[in-house]
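Engineer: Sequence:
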Amino acid sequence: MTHVIMTQPTFGSSQIEKMDRHLGPKFQIPECYIDVFLSIAILCICIYERIIVTKHEEGVTIIL
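For my numbering, add 1 to where a residue sits in the sequence shown, where the first one is 1.
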């Protein structure tokens with residue numbers, strides 16, 4: 002996980018500037034929040050793997 006967080010700056014500010022960051026006609030996500038969203042997504046994946054799917058080798062099945 003540390004490696005993933007350390008390599009986030011390589012995403013590049015030029016790529017973020019060129020992204021369509023609009024949510025609807027009037028709201029635009031600021032450039033600095035893209036890294037925040039990526040970090041939150043990584044933490045959610047770790048929580049999912051450690052807490053929700055613990056002791057299930059095949060993960061969450063389709064049939065609940």
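Since the hints were derived computationally from the structure, they do not count as laboratory data.
No residue lacks a Cβ here, since even glycine has one placed at the ideal position from N, Cα and C.
Where hints are given, some of them may not hold.
Computed spacing ranges between beta-carbons, pair by pair [to be verified]:
1) Ile46 - Gln16: 31 to 41 Å
2) Cys47 - Lys27: 12 to 22 Å
3) Ile17 - Ile46: 27 to 37 Å
4) Ile52 - Lys27: 14 to 24 Å
5) Cys33 - Val54: 13 to 23 Å
6) Ile41 - Asp21: 32 to 42 Å
7) Glu18 - Ser40: 18 to 28 Å
Taking lysine to any residue pairs in the SDA-like style, the calculated list, with each CA pair at most 25 Å apart, reads [claimed, not checked]:
8) Lys27 - Leu39
9) Lys19 - Ile30
10) Lys19 - Cys47
11) Lys19 - Cys33
12) Lys19 - Ile35
13) Lys19 - Val54
14) Lys27 - Ile43
15) Lys27 - Phe38
16) Lys27 - Cys45
Engineer: Okay, which hints does this one fail, numbers in order?
Structural biologist: Failing hints, ascending: 1, 2, 3, 4, 5, 6, 10, 13, 14, 16.
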